[in-house]
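Take the given structure of chain E and dock chain F to it, following the hints.
Top to bottom, those sequences are chains E and F.
Letter 153 of the first sequence, counting from 1, is numbered 162 in the numbering used here, and no numbers are missing.
Letter 98 of the second sequence, counting from 1, is numbered 179 in the numbering used here, and no numbers are missing.
Bear in mind the hints are in silico, worked out from the structure with no lab data behind them.
Remember, predicted model here, so these are calculated numbers, not experimental data.
Please note that a few of the clues may not be correct.
[Unchecked claim] 30 Å max Cα-Cα, derived DSS-like pairs, lysine-lysine: (1) 204/F - 174/F; (2) 395/F - 360/E; (3) 62/E - 117/F; (4) 360/E - 308/F; (5) 149/F - 62/E; (6) 360/E - 149/F; (7) 395/F - 62/E.
[Unchecked claim] If you want the footprint, here are the derived chain F segments under chain E, 3+ residues with CB under 8 Å: (8) 176-184; (9) 316-323.
Think of the CB as a built atom: it goes at the ideal place given N, C-alpha and C, for glycine as much as any other residue.
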Amino acid sequence: MMFDAFIEGLLHVLSWPAFGFLLLGALVGFVVGILPGLGGLATLALMLPFAYKIQEPISAFAFLLGMHAITGTTGDITSILFGIPGEGTAAATIMDGYPMTKNGEAGRAMGAALMSSLVAGLEGAVILALAIPIMRPLVLFFGSPELFMLAILGITFIASLSGSSLTKGLLCGGIGLMLASIGVDPQTGTLRYTMGTLYLWDGLSLGPVVVGLFAIPEIIDLSVRGTSIAETKVEKITGVMEGVKDTFRHFGLTMRCGFIGAFIGALPGLGGGVSQWLAYGHAVQSSKDQSSFGKGDVRGVLGPGAANNSREGGNLIPTVAFGIPGSSAMAILLGAFLIVGLNPGPEMLTKHLDVTFAMVWILVVANIITAGACFLFLNQLVKLTFVRGHLLIPFLLMFVFLGAFAAHNNFSDIIVTVIFGLVGYVMVLFQWPRPPFVLGLVLGTIVENYLWISSSAYGAGWLVHPTVVCIALLIAGTLIYSAIQARRGRSLEEDLEKRIGVEGTRQ
Amino acid sequence: MTKRAMGRTILGLLLAGFLFMSLAGQAAAKDFYEGKTIRIIVCCSPGGFYDRWARLFARYMGKYIPGKPEIIVQNMPGAGGLIATNYVYKVAKQDGTAIVSPLGGQYLDQVSGRKEVLFDFGKFQWLGTQEISHSVLFCRKDSKFQSVDDLVKIKDNPAKLGNTGTSGSSYFIGKVLEKAAGANFNFVMGYPGGSEIDLAVERGEVACRGMTIPPHFGREPYLTWHKTNFITQLVQTGSERDSRMKDVPTLTEVMDKYKTSDDVRAIAKVIFASGDFGRPLGVGPGVPADRVKMLRTAYLKALADPELMAEAEKGRMTPVIPSSGEKVQELAKFVSNQPKEVVDGVRGILGR
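So that you can see chain E by itself, here it is in the shape it has in the complex (with noise of 0.2 Å):
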């Protein structure tokens, strides 16, 4: 009966008009992400109302999900070629993505990007379609408690995420904890730190900051240049196929990292932000030579290009088990699924198991069409990255602005842009690392509130949950094994330095 409702589901997205509509989400999705100013979350909620005309279920899923699929994918493009986020839970893939492009090799990012952005897809797709037999059980089984150790455990990613200096790295991270703190204080409602502006209410938003941190520093460094983005010209561009065979060289990684995604997903309450950086942590620190992050490392592009797709698959484990959205655009699809007739929730399993696998296959098909899309004009693209910076520069901050102002209409944003890419500016200048001031600020909130939730709740029993021990383990083990290997790493170093008499690894 489950086989059946999996083939059923394919047929349907394959019959017409559903792959019409699918073909269609596909169209204006890649044009919504790539272009800034107008987000995801925004065109879904704008083109919501096409749901009552098209009525059937699933041609109107394969326009939506399609779409929507789309977006996470094409926000990589942008953060590859000129740095910029397309939004704030899709900057992780610049930390290397953009060093490459300065080095030549845009085409190859962009082949891994896509390609684990399949590869992932597809596993988030299969995650989703595994789960389903076991997926309340599963959902229900990571409490506060839990979530809160998970959060801890993103936060020990700080250490490998420092780069050169871990003391650096650790200051970074306490003050993005400490600024994840501005805001209202659920608690209590005091606010903090809000220097009388209602702006802050809501604490610092993470879209504006990190387009901030990231793209202004570097539209700085590309007009002191005044080169291209690609410093090197290389004769030719260093083919999409080389990122592709990336992809399959590092194909545990990949997969790895895409499982972080639909895990982290289909937990509703850890949010967006935090899977991406996660997975970036994690391709850091499992590799053994870690020093070529941040300079324009292939696996740098491919964990979070990986987790950002995957992810889609897991947030819609709580939409479809419990009718309780993993994330807010799934929260927009929910009105999709009443307007049609459908109700989210167990129903989703029984009767109606061949619709919740139809939109697997949307999900997988939707990845398909778009990296095939994007493949055939890439080269075009990464032609772009050879133009004179001068002249992107303009366009570029208009991108930026835009993008920053889009997310909230609040012309605040904009002041939080220009403030973090000083900050962001200083930083590369003297060399703090970035990626654990983001992942402070991300989690900060995370873990203040379900610490507090945990005790509330559980008093002190939380602590002896077999989950949280688990995990506590999992953290000890990781911080032990980086110490391990930092120690290993600085005697080569040391090794090295007598031996050839170099000063040390370039920075």
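Structure of chain F alone, referenced to chain E:
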């Protein structure tokens, strides 16, 4: 011409002039909206009920306004709706091209004396509200808390009540019940949103939650919960029992039973007036009266549009119990002019 006749002529001329002027005025208002764009400024992010209602009106209201203006939705989330509400009151042009969709309980910020509030809720010119959304408190059926009496009696290990922060319906019901009946709660604070509280109820992390009634009967997980008898409703805040919860007492009945003092009742009345506001739409205080009238008429006509109703019903945005602009206006004046004791009481409950 006799004096009398002259008087008549003058009067006639004056009348004609007046008629002309007023017609011209109307023509001006009509002309005014022609080719204009009206923005509905929404307090909240895309996708929620506030946003979806605004988008529904954006598609249906324009054709009922003389001049058929374009209507678009602009989300301006932040600071619990204060940013959008302040914006329409203070910053937007007072020419009737900016409509605000604030939170139903937005006035509480004003009543509790938040200094960031730049508006007087009673001075907004309200177009009406399309939804009355009172609240309900429910607990898991397998918990010890099956009535308000249980909440009062059980002092050790009191009911765990899930909350996002100090400005949600869950928190309001809990705090008012504490004051009005001596109920005991363990307020578990800090869930990112209502969905996360629902999951916490599902896994037994908290036993109870308070929420507004329309979604409680409009979507999952509640529909399944009703079907599987997973939860018990303890109290509802409307003045009359909801037709779908005939055996659940209202807050007033609970207060009668527990002989709640008049001061506390007055406080409760102000706090739960938010349910009567529902999801109101309004324009700024300086908008000319003729345009307000036009918008009010268009608003009611749009709500009577069978196509809009059909869409609302499909999106489970029902029941639609519209309340006219005049009624909302009256309520807004009432809540913004409260004696000091009540204001202090409200503040005490909101913890501000």
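Going down the list of hints, with the structure as the test:
At most 30 Å may separate the alpha-carbon atoms for a hinted pair to count; residue 204/F and residue 174/F meet this at roughly 15 Å. For the given pair, residue 395/F sits about 20 Å from residue 360/E by alpha-carbon distance, which is consistent with the 30 Å threshold. Note on residue 62/E and residue 117/F: the hinted pairing holds, with a Cα-Cα distance of about 27 Å set against a maximum of 30 Å. The straight-line distance between the Cα atoms of residue 360/E and residue 308/F is roughly 16 Å, inside the 30 Å bound, and the hint therefore holds.
Restraint check for residue 149/F and residue 62/E: the C-alpha separation of about 23 Å stays at or below 30 Å, so the hint holds. Pair hint residue 360/E plus residue 149/F does not hold up; C-alpha atoms about 45 Å apart against a cutoff of 30 Å. Proposed proximity of residue 395/F and residue 62/E is supported: the alpha carbons are some 12 Å apart, at most 30 Å. For the stretch 176-184 of chain F, the assignment as covered by chain E is violated, since 0 residues bring a beta-carbon within under 8 Å of that chain's beta-carbons and 3 are needed.
Figure legend: the stretch 316-323 of chain F, annotated as covered by chain E; annotation inconsistent (0 residues with Cβ-Cβ distances under 8 Å, at least 3 required).
When the structure is compared with the earlier hints, violations turn up for hints 6, 8 and 9 and for no others.
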